[in-house]
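Undergrad: Residue-level listing of the chains:
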Amino acid sequence: MRALSAAMLRELLIFFRYPGWVVSVVVWPVLFPAAYIFLARALAGPDPRAQAAQALGTPDYVGYILIGTLLWMWVNTTLWTIGSALRKEQLGGTLESNWLAPQPRAALLFGAALAHAVVVLWMVAVATAAFTLVYGLKVRAPAESALLFLANVPWVYGLGLLFASLVVWAKEANGMVHAVRSVFLIFCGMSFPVAVMPGWMQAVGRALPLTHGIDALRMAALAGAGWREVAPELAWLLVWGAALSVCGFLAFAFTDRRMRELGTTGTY
Amino acid sequence: MEGLIASAARELRVVGAVFRQRALTSLRYPVDFVAQTLIGPIAWLVPAYFLGRAFAPAGDAAGMRALTGSGDYVTYLLVGGIVTSFVSSVLWGMGYALKTQMDQGVLEANWLAPASRFSQLVGLSAFNVAYTAAQVVIQLGLASVIFGFHPTGSLALALGFLLPVVLGLYGFGFAFAGVTLLMRDPNTLIDISDFALGLLSGGQFPVAVLPPLILGLALLLPTTYAIDGLRGILMHTHTIAPIGVEFLALSVLAGALLAFGRFAFLRIERFCRERGTIGLR
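Chains as they are written, first to last, in the working numbering: chain A, 120 to 387; chain B, 5 to 285.
Watch out, some of these pointers could steer you wrong.
Said to hold, decoys possible - Some chain B residues well away from chain A (every beta-carbon gap over 12 Å; in silico):
id, residue
1, Gly20
2, Ala58
3, Gly109
4, Ala119
5, Leu166
6, Val170
7, Ala179
8, Leu223
9, Leu225
10, Arg274
As the list claims (entries may be wrong) - Listed next, the in silico EDC-like pairs over lysine to aspartate or glutamate satisfying Cα-Cα at most 20 Å (straight line):
id, chain 1, residue 1, chain 2, residue 2
11, A, Lys207, B, Asp107
12, A, Lys207, A, Asp375
13, A, Lys207, B, Asp195
FYI, nobody ran anything at the bench for these hints, they're computed from the structure. Using N, Cα and C, we set each Cβ at its ideal position, and we do this for glycine too.
Using the sequences provided together with the hints, build the complete structure.
TA: This is the structure we're talking about:
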């Protein structure tokens, strides 16, 4: 536990050492959805709510875009922070010495994950305030929406752990983050209904957890859907959560063993 | 005279060496290269493209036609993307390249080499111009196949219009490289500036839909006129000012930005050397 808290504290100290990172958590939730909101307004013309009701299935095009972009931003920051945590140490030349320290190696990664969770909590609080004050978002089923948001935690962090191990192998964090986040950007209906994509793209989109996370949250927050309506989406999220968490743990254990066997911990 | 030629040749060798070093480094990481050149830019276009398709299934967005004179939202997005690609390239290529050298601990060593630091920066930006131009051509080619790109205006005129825009942006990039030396971790600043510039300049939509206060800010940015003029040339959309006026304003601004960028970089670099902070990260 001491190793875990030390790793978490270190990550938080580094985070607060660079004020730009702190500012970004406040700025991005306001800035990022704006591009799609203004585009929707331009495409729709003089009566955007009526047009949006036809195009997106809800007149609340602002809420529709806010929910999609918030969840995508969460996945994106997870890939950049937890996913790149070990690679950053590798590049900085500290991974090998930390790996040799008499403490559980997993603490390094899980400490980064915990620190990231603290930052995400803050980001969600800021985003909720910004969405309400700047964009006038009204959530129809707040309790269900909050729980559905939390139902994404296992798969998002499972993906982060899996990704962190793969990046240490491939030694190309930037390119891999760009590639993986692009898959979610393209297929998951962040700003549009999945139904407008060609059939094969819809199939890919419906297989990914982010699509179900976004759908479920939109149903609860914008249409006031109850547990019965969102049950299929929730089941997808939980199955993905279990699968990615197990894969994440296994990938980390495997990477740890192979790096030590091959002696490649310190190479980049 | 001979001394001047020898000096110019020496500086050109520095520019060429930095260009080659950046090219080799970029090609050494193929996943990064493919992701950033092929996947990333197309991926960023997809959410906007499908949002357009949701609102305009037949491909002609009535709302956009009323605002701009053209309902071809795909070409509209792609033309905006040409300028925003150069903006991203300048910000990430100039600022982040120095940051990478800082992180790897080689910046101070490179800086101490008997080669002009400004020439090193020119080499960096020359590589960036070539890299981004190749990226834009590949992206437009790919996007034409995937989404359809239908410019109705003169491509040669558009290239002529783009030249002062790119030169001005790289002048801004020199100043930004100086800011990187000062801040040491410019990632967030780069990321936010990149997105905000694209947003305020109407990279994906006509600036007319912005709220009045933000529209006022957008009209102060040269990139707004660059994107607007390029769309006017390639798509015959309504422009904020006559295209000749936009070209003249951008050319004057490009010259001013180049001079300012060089001045700012050299001043900040001297300041950092005096404080001994070049090697810190």
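Undergrad: Work down the list of hints and note, for each, if the structure agrees.
TA: These are the hints, each one checked on the structure:
no., hint, result
1, Gly20, "holds, 26 Å"
2, Ala58, "violated, 4 Å"
3, Gly109, "violated, 9 Å"
4, Ala119, "holds, 26 Å"
5, Leu166, "holds, 22 Å"
6, Val170, "holds, 23 Å"
7, Ala179, "holds, 17 Å"
8, Leu223, "holds, 15 Å"
9, Leu225, "holds, 15 Å"
10, Arg274, "holds, 24 Å"
11, A:Lys207 <-> B:Asp107, "holds, 10 Å"
12, A:Lys207 <-> A:Asp375, "holds, 16 Å"
13, A:Lys207 <-> B:Asp195, "holds, 19 Å"
When each numbered hint is compared with the structure, violations occur for hints 2, 3.
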